Amino acid sequence: MINRDLVIVGGGSAGLASAISAYDNGVNDILILERNGELGGILNQCIHPGFGLHHFNEELTGPEYAHKYIEELKKRNIQYFLNTQVISISNEKIITYINQTGVNTIKAKAIVFAAGCNERTRGQISTPGCRPKGVYTAGLAQRYLNIEGRLVGKKVYILGSGDIGLIMARRMTLEGAKVLGVSEIMPYSNGLKRNIAQCLNDFNIPLRLSNTVTKIFGRDKLEGIEISDVDSNLRPIKGTEKYIECDTLLLSVGLYPFNSLLKEAGCLVNKETKGSLVDQNLETSIEGIFSTGNVLHVHDLVDFVSEESERAGKNAADYILGKRSNVINKLEVKHSLNVGYVIPSIINARSENEDIIFSFRVKKNIKKASIILKNSAKILYSCIKKNLVPSEMIKLKVKNLELIGTDNIQLEVIENE
Amino acid sequence: MSEKITCIVCPNGCEIEIDGENISGYSCKRGFKYAKEELFHPKRMVTSTIKISGTNEVCPVKTSLSIPKEKMFEVMKEINKVTVKKPIEYHQIISKNVLNLGADIIATKEFK
Ligand SMILES: Cc1cc2nc3c(=O)[nH]c(=O)nc-3n(C[C@H](O)[C@H](O)[C@H](O)COP(=O)(O)OP(=O)(O)OC[C@H]3O[C@@H](n4cnc5c(N)ncnc54)[C@H](O)[C@@H]3O)c2cc1C
Chain A
1 MINRDLVIVG GGSAGLASAI SAYDNGVNDI LILERNGELG GILNQCIHPG FGLHHFNEEL
61 TGPEYAHKYI EELKKRNIQY FLNTQVISIS NEKIITYINQ TGVNTIKAKA IVFAAGCNER
121 TRGQISTPGC RPKGVYTAGL AQRYLNIEGR LVGKKVYILG SGDIGLIMAR RMTLEGAKVL
181 GVSEIMPYSN GLKRNIAQCL NDFNIPLRLS NTVTKIFGRD KLEGIEISDV DSNLRPIKGT
241 EKYIECDTLL LSVGLYPFNS LLKEAGCLVN KETKGSLVDQ NLETSIEGIF STGNVLHVHD
301 LVDFVSEESE RAGKNAADYI LGKRSNVINK LEVKHSLNVG YVIPSIINAR SENEDIIFSF
361 RVKKNIKKAS IILKNSAKIL YSCIKKNLVP SEMIKLKVKN LELIGTDNIQ LEVIENE
Chain B
418 MSEKITCIVC PNGCEIEIDG ENISGYSCKR GFKYAKEELF HPKRMVTSTI KISGTNEVCP
478 VKTSLSIPKE KMFEVMKEIN KVTVKKPIEY HQIISKNVLN LGADIIATKE FK
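Protein sequences appear in the order of chains A and B.
For the first sequence, my numbering assigns the number 1 to the initial residue and increments by one for each residue that follows.
For the second sequence, my numbering assigns the number 418 to the initial residue and increments by one for each residue that follows.
The shape of chain A in the complex, shown without the other chains (with noise of 0.2 Å):
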């Protein structure tokens, strides 16, 4: 068995952001693990623009913005494998892997868990009806359209109104399909508000919201399907339902963690985020394991992406470094009934102030809310925000919040009117 300081599992913005940033911070034996025959993940399929506005300031497409972070790798002397899957991880930090030269373990000082996330299917949402060809992920038929060249259809309707969705809406309307419309059940959209405007409004493609597919039509090959208004909780309406023909269905209804590998761990899974549970140094319940990019919680800006796993990889070097003094306190992170979820779950303080980065997300739209982070005896920071709508994460920073005293500190989303 092979040890290594450092192994990275996925060479997506995450895993080269962490790569980089742990080189920067002093370790230099570091290899990335990535199955696919090229670095950069997801961003090779997003040929779209919209990336990197907050990083570089200039506005990218997905290979663009892996470019950059390639480069940025080729110049320091970090090593890869590709096409090369990584099929367990234990407790001890050993990966095992299977490339062409068999199947090979390496024992690991740290490990930066940077796998990414999987598209819902059907299955997960249960869409009634028979199962004919014709019906896609969205992420699939992008993949197909934009690493393979081949249009899954010409009449197309889309069940979700997540963000690859509505990109796929303007993509495959300007290779020469006609998309039908986008139903969404919620009485809201779960994309940018960007992407509904310049990838639905421009080509006059309705969105329906408190929609749905109910029912799928066609043996062998997608014939048509029967779309319906919902009620408030979220059940089909009699008599609203609509046939519409069609060749193509695709879905975009959510992305999840693809977090097995550290779960068969042993790594505690944080159950709102189906990723791992996390300190404020993205360290997993597993000491020297870290968890960064959508394999942590799904992103909608790989901006995130990439800040979120710098600070992995700087963490996971100071680890190897033995540059971290003890742990003071232990508090637990909870939050008020209005947030999905926030990261971090815990924060594992080693001095009494630290500057702290929250990421959470909201239920429901909010026009203005005080935010506010408090512990059981007083308000340790606050501020306003507007416009929170679930599909956009929210990023928090805050400075020298005070760590002792407390065992737990409570985020809490209040709406102003």
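What the hints contain is simulated information worked out from the structure, not anything from laboratory work.
Everything hinted at is true.
Keeping only pairs whose Cα atoms sit at most 30 Å apart, straight-line, the calculated BS3-like set for lysine-lysine is:
#	chain 1	residue 1	chain 2	residue 2
1	B	Lys-446	A	Lys-397
2	B	Lys-502	A	Lys-75
3	A	Lys-178	B	Lys-494
4	A	Lys-364	A	Lys-397
5	B	Lys-460	A	Lys-193
6	A	Lys-193	B	Lys-494
7	A	Lys-75	B	Lys-529
8	A	Lys-155	B	Lys-488
9	B	Lys-421	A	Lys-386
10	B	Lys-502	A	Lys-74
11	A	Lys-395	B	Lys-446
Some, not all, of what chain B presents toward chain A, calculated at C-beta under 8 Å:
#	residue
12	Cys-424
13	Ile-425
14	Cys-427
15	Pro-428
16	Gly-430
17	Arg-461
18	Met-462
19	Thr-466
20	Met-489
21	Met-493
22	Lys-526
Small disclaimer: the values here were computed from a predicted structure and weren't measured.
Cβ atoms here follow ideal geometry from the backbone N, Cα and C, with glycine treated the same way.
Based on these hints, arrange chain B with the ligand on the given structure of chain A.
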């Protein structure tokens, strides 16, 4: 009469209100510029792919500048007419000054 548009410059998606000469609701200079343009001559960047000859692969491309929104489909037609050979440099120009709009079609990825 006022009109509301969603800014598409960045993922913040500000709601910008345009009331005659009055533009409000933007939160950066780019948003202001976008709103003004959107009112008089809306523009979009077009991204697509081009077949790499002799392979099963496609190369992602973009227009080097935003082009008038109503020309998007015509630009797509031009993009679909060309193929390209390996090796392809990052930001290599594939077609110059497409439809005389002042923008080039450039590769957004390298292929060795
Ligand atoms: C379709 C889509 C559109 C988006 N649009 C935008 C946008 O317009 N603007 C924006 O800023 N952001 C956008 N994002 C968000 C952003 O691009 C992603 O959140 C980010 O790139 C994810 O990076 P990642 O490294 O966490 O995951 P990924 O890019 O998925 O990387 C994970 C990598 O891990 C590898 N891997 C997985 N399992 C294993 C294993 N067992 N062994 C080895 N390797 C493994 C995978 O092959 C992959 O390369 C979009 C995301 C998607 C999915």
